[in-house]
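Participant: Sequence:
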Amino acid sequence: MSYSALAVLAVVGVLVVDLAVYRTRMVTRKVFWTAYAIVITFQLLMNGVLTGLDVVTYDPGTIWGPRIAYAPVEDLLFGFAMVTLTLASWAAVNRRANTARRRGLDTDTRPSSTR
1 MSYSALAVLA VVGVLVVDLA VYRTRMVTRK VFWTAYAIVI TFQLLMNGVL
51 TGLDVVTYDP GTIWGPRIAY APVEDLLFGF AMVTLTLASW AAVNRRANTA
101 RRRGLDTDTR PSSTR
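Quick note, the sequence shown lines up with residues 1 to 115 if you use the UniProt record's numbering.
Hints are computed from structural coordinates only; laboratory data are not their basis.
If you anchor each label on the Cβ, the simulated ranges turn out as follows:
1) Ser89 with Ala69: 23 to 29 Å
2) Pro66 with Val39: 16 to 22 Å
3) Ala37 with Pro66: 16 to 22 Å
4) Gly104 with Arg23: 22 to 28 Å
5) Leu45 with Ser2: 23 to 29 Å
6) Ala5 with Leu50: 20 to 26 Å
7) Trp90 with Val49: 25 to 31 Å
8) Ala35 with Asp59: 31 to 37 Å
9) Met82 with Thr62: 16 to 22 Å
10) Met1 with Asp54: 22 to 28 Å
11) Ile68 with Arg103: 44 to 50 Å
12) Lys30 with Ile68: 19 to 25 Å
We put the beta carbon where it would ideally sit given N, CA and C, even for glycine.
Assemble the whole structure, with the sequences as input and the hints as a guide.
Facilitator: Take a look at the structure:
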């Protein structure tokens, strides 16, 4: 499978996880897109440095061709998938912990003497 196909598959997979599995709807929130704008700024900066200085190179036959800040657009897709999956997972875990806390289930695993 090509780098480009994997990038698209990663985005589609993460959107399914966010919207249908975790149901956090992270990508529908303004706060997500604000945070993502900050992340993508630094991603483009680092991708630009690494690919612009030829520290990282790509076989032209394995990418679509368009680049942003020297990096192939596929890198942005992978970055989006990575950040979105991390934030959606974090939100899902916190939601479960908060639900358990509201139900009176202790989610703290520390010994009682350190509380």
